[in-house]
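**Q** Below are the chains, spelled out letter by letter.
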Amino acid sequence: MTGIAEKPLTRNMRPDGSALDLPAYQKAGGYQAIRRILNGGMTPKAVTEEVKAANLRGRGGAGFPTGLKWSFVPVGKDAPNPTYMVVNADEMEPGTFKDRLLLERDPHQVIEGAIIAAFAIEADFSYIFLRGEYTLAAERIARAIAESYERNYLGKNILGSGFSLDLHLHVSGGRYICGDETGLLNALEGKRANPRAKPPFPVVVGLFGKPTVVNNVETLSCVPHIIDHGAPWFRDLGRGKDAGTKLYGVSGKVKRPGLWELPMGTTAREILEEHAGGMKDGVKFRGLLPGGSSTPFIVEQHLDTPMNFTEMPKAGSRLGTGTMIVLDDHTCPVGMTWNMMRFFGRESCGFCTPCWSGLGWVERILKSMEDGQGKPGDLERLASQANMWNPGNTFCALAPGAADPLQTALKYFRDDFERHIRQHRCPWR
Amino acid sequence: MLTAEEINEIEQEAVHYPRRDAVSIDALKIVQRHRGWVSDESLNDIAGHLGMSATDLDSIATFYNLIFRRPVGRHVITFCDSVSCWIMGCENIREHLQERLGIGLGETTPDNRFTLLPTVCLGCCDHAPAMMVGGDLHSDLDPVKVDRELEKYK
Chain E
14 MTGIAEKPLT RNMRPDGSAL DLPAYQKAGG YQAIRRILNG GMTPKAVTEE
64 VKAANLRGRG GAGFPTGLKW SFVPVGKDAP NPTYMVVNAD EMEPGTFKDR
114 LLLERDPHQV IEGAIIAAFA IEADFSYIFL RGEYTLAAER IARAIAESYE
164 RNYLGKNILG SGFSLDLHLH VSGGRYICGD ETGLLNALEG KRANPRAKPP
214 FPVVVGLFGK PTVVNNVETL SCVPHIIDHG APWFRDLGRG KDAGTKLYGV
264 SGKVKRPGLW ELPMGTTARE ILEEHAGGMK DGVKFRGLLP GGSSTPFIVE
314 QHLDTPMNFT EMPKAGSRLG TGTMIVLDDH TCPVGMTWNM MRFFGRESCG
364 FCTPCWSGLG WVERILKSME DGQGKPGDLE RLASQANMWN PGNTFCALAP
414 GAADPLQTAL KYFRDDFERH IRQHRCPWR
Chain G
9 MLTAEEINEI EQEAVHYPRR DAVSIDALKI VQRHRGWVSD ESLNDIAGHL
59 GMSATDLDSI ATFYNLIFRR PVGRHVITFC DSVSCWIMGC ENIREHLQER
109 LGIGLGETTP DNRFTLLPTV CLGCCDHAPA MMVGGDLHSD LDPVKVDREL
159 EKYK
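As given, the protein sequences belong to chains E and G, one line each in that order.
Going by the working numbering, the residue at position 18 of the first sequence is 31; the numbering climbs one at a time, nothing skipped.
Going by the working numbering, the residue at position 107 of the second sequence is 115; the numbering climbs one at a time, nothing skipped.
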C-alpha cells in the first residue's frame, strides 16, 4: 500500500481542527464500506468473519478480539430482540485523550463503524455513550447523526436494503465507572452506574436485558477501513504481533506531548524519543504507564518492547489505551501513586468492599508518607491491600486497575518509598 | 412544577428508550440546564413525571457528579486533578484558583459567579494542566492564563 494509507484513522482530518462533514467524509471514501455491504456485497456473518480475520482487538484497553465478541451475539429468528450496539465514548481513563480526536474531527468514521457493527450483529438500536465533559464532540456527533439520517445511512430501510437502524446520542452525567461496559449499560438504563456481575456477559444479557455489544470509539473507527481494504491489509499495518494502527499518546514532561497514529507495535522508545522529542531539558526519564492509570509501570529496560496487546505482558504490563504517562526524576513517584489512588478511590462506585474500603485506606497511607508520617510496615500494608484487588475479588476492573500501578511503583521505586518513611518527609518537597 | 418546555424536552429524549425511567439522567440534566441545579422540589416533580420514587431518583442524581443537588454559581469551574495534570503542576493551579476566588473546593463565591470543583481527567493530557469553565475547555494553564480566561465569565 502507499504511504498515505498507513494512517487510515487520521489521514483525512483537517489541519484546522474542524470536523469532516458528511460530504467531505464521502469524498474521502467514507460510507463506501456500508454501501458495499448493504448492496448485497456481504452478509452479517461475512462482516464478522472479516473483522475476525483482521485480528482487530478492542482499543478501549482490554484488547478483546472484536469479531469474536460480535460472534457471541445470538442471531436468527429465535434470538431475543431487540439487539443493541453501543459505542463507548466515555473516555475518562486518566492520561487518555485519543477518542476525543476521533469524535471531534471525524465523527462520521465512528458512526459508519457503528452502523457496520450493528449490521454484523443484526442490531436494531444503537447508542453513543459520550462523557458529559466532551461538549465539542457532543455538538459534532449530534450534527453528524442528523446528516446521516438525512442521507438515509441511518433510519428505516437504509439505502433500500431492508436493514434499519436508529442511533441516539446519550451524553453522560459523569463518573469514570461509566466506562466499564456493564456500568455504562446501567447508566444508559437510567440507573446508578454500578458494574454488574459477569456472567452473564452483555453480548447475551445486556442493555435492558437484551443482547448488546459495547465497542470503543477507536475500535469502531477501524471497521470501515477493514471492510474497504480487507483483513490482510489491516493485519499488515501492524509491526509486531497485533494488527492495524494505533493512536499513541504521550503526556508528562516531554518536549512535545501529543498524539500520533502509528503502526500497532511501535516501541515506547520510538514514540517517546522520535515523536514526543524525548524528555524536556534538565529532566530524566524514570518510568511510564503505557496506557492510562490502570496499567503497570514499565522502566528503561522495557522500552524496546512493541506496544501492543500481545507483547506488552512480557514487560509485565499492558497496552491499555496506548496513551502513556511519563514519570520523570523531578516528580515524586510516591506522590504520583498517591494521586492515582485518590482518583481510583474517588471514582469507586462503592459496591465491592475491597475497592471502596481498600482504596481509601491506601490513599491515606500514601498521603501520610507524603506528609512525613509514614510508618514502618506501610509498604507491607500497601502490598497486602493491592493483593486484595486481584481480579475476581470485585465485579469490575477498577480495583485490579488500581493494583497495577501501585504494585509496580512499589517494585521499581521501592527506594523512594523507603526514603519517605526513613526521612519523615517527601524528598521532592 | 416542571415547565412545558422542560416536559417537552424530556419527552423528546424518552422516545429513544424502551422504558420511561431510562430517561432519568437526561431529565435531571434538562431541568438543571434550565434552573442551574436540581432542588428537592424539582427532584420530586421529575420523579412524579417519570413514575419513579423520589428516593430512587435521588440515589441516581447523587451518583453522577455533573448533576448538582445544591445551588451552584453562574459558572462552574471543573479543574482536572488527575495524574497527567498533577505531573504538570495542577496543584499550583488549584492553589491559585482558591486564592483568587477566595473559596475552597466545592464552594461558590459570595457573588455567585463561580463554583470550584475538582474533576477527573478531561482528556486534554498533552496540553496539561487543563480546566473547564461551564462547557468550555481551557488548557496549557498557568496562573496568568487562568486569570485571563476567568475574566471572560461575568
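Just to be clear, a hint being listed does not mean it is correct.
Taking lysine-lysine pairs in the DSBU-like style, the calculated list, with each CA pair at most 30 angstroms apart, reads [to be verified]:
| id | chain 1 | residue 1 | chain 2 | residue 2 |
| --- | --- | --- | --- | --- |
| 1 | E | 223 | E | 268 |
| 2 | E | 223 | G | 37 |
| 3 | E | 268 | G | 37 |
| 4 | E | 40 | E | 65 |
| 5 | E | 65 | E | 90 |
| 6 | E | 65 | E | 268 |
| 7 | G | 153 | E | 293 |
| 8 | G | 153 | E | 297 |
| 9 | G | 37 | G | 160 |
| 10 | E | 254 | E | 424 |
| 11 | E | 254 | E | 204 |
| 12 | E | 20 | E | 424 |
| 13 | E | 204 | G | 37 |
| 14 | E | 58 | E | 268 |
| 15 | E | 293 | E | 268 |
Simulated from the structure, these hints should not be mistaken for laboratory data.
**Q** Determine for every hint whether it applies to the structure shown.
**A** Structure-based check of each hint:
1. Taking the CA atoms of residue 223 of chain E and residue 268 of chain E, the gap is near 48 angstroms; set against the 30 angstroms cutoff, the hint is violated.
2. About 26 angstroms separates the Cα atoms of residue 223 of chain E and residue 37 of chain G, which keeps this hinted pair within 30 angstroms; it holds.
3. For the proposed pair residue 268 of chain E and residue 37 of chain G, the alpha carbon gap of about 40 angstroms is over 30 angstroms, so the pair is violated.
4. For a cut-off of 30 angstroms, the pair hint linking residue 40 of chain E to residue 65 of chain E stands: about 28 angstroms separates their Cα positions.
5. Straight-line distance between C-alpha atoms of residue 65 of chain E and residue 90 of chain E comes to about 24 angstroms, which keeps the hinted pair within the 30 angstroms bound.
6. Simply put, residue 65 of chain E and residue 268 of chain E have alpha-carbon atoms about 38 angstroms apart, too far for the 30 angstroms limit, and the pair is violated.
7. Note on residue 153 of chain G and residue 293 of chain E: the hinted pairing holds, with a Cα-Cα distance of about 22 angstroms set against a maximum of 30 angstroms.
8. Between residue 153 of chain G and residue 297 of chain E the CA atoms are separated by roughly 28 angstroms; this keeps the pair inside 30 angstroms, and the hint holds.
9. Straight-line distance between C-alpha atoms of residue 37 of chain G and residue 160 of chain G comes to about 25 angstroms, which keeps the hinted pair within the 30 angstroms bound.
10. Taking the CA atoms of residue 254 of chain E and residue 424 of chain E, the gap is about 28 angstroms. The hint holds against a cut of 30 angstroms.
11. In summary, the hint linking residue 254 of chain E to residue 204 of chain E is not supported, as the alpha carbons are separated by about 40 angstroms, beyond the 30 angstroms threshold.
12. For the hint pairing residue 20 of chain E with residue 424 of chain E, the CA-to-CA distance comes to about 37 angstroms; that exceeds 30 angstroms, so the pair is violated.
13. Annotation: proposed proximity of residue 204 of chain E to residue 37 of chain G holds, straight-line Cα distance about 14 angstroms (limit 30 angstroms).
14. With a CA separation close to 47 angstroms, the supplied pair residue 58 of chain E and residue 268 of chain E exceeds the 30 angstroms bound.
15. Of the supplied pair hints, the one linking residue 293 of chain E and residue 268 of chain E holds, its CA atoms being roughly 5 angstroms apart against a limit of 30 angstroms.
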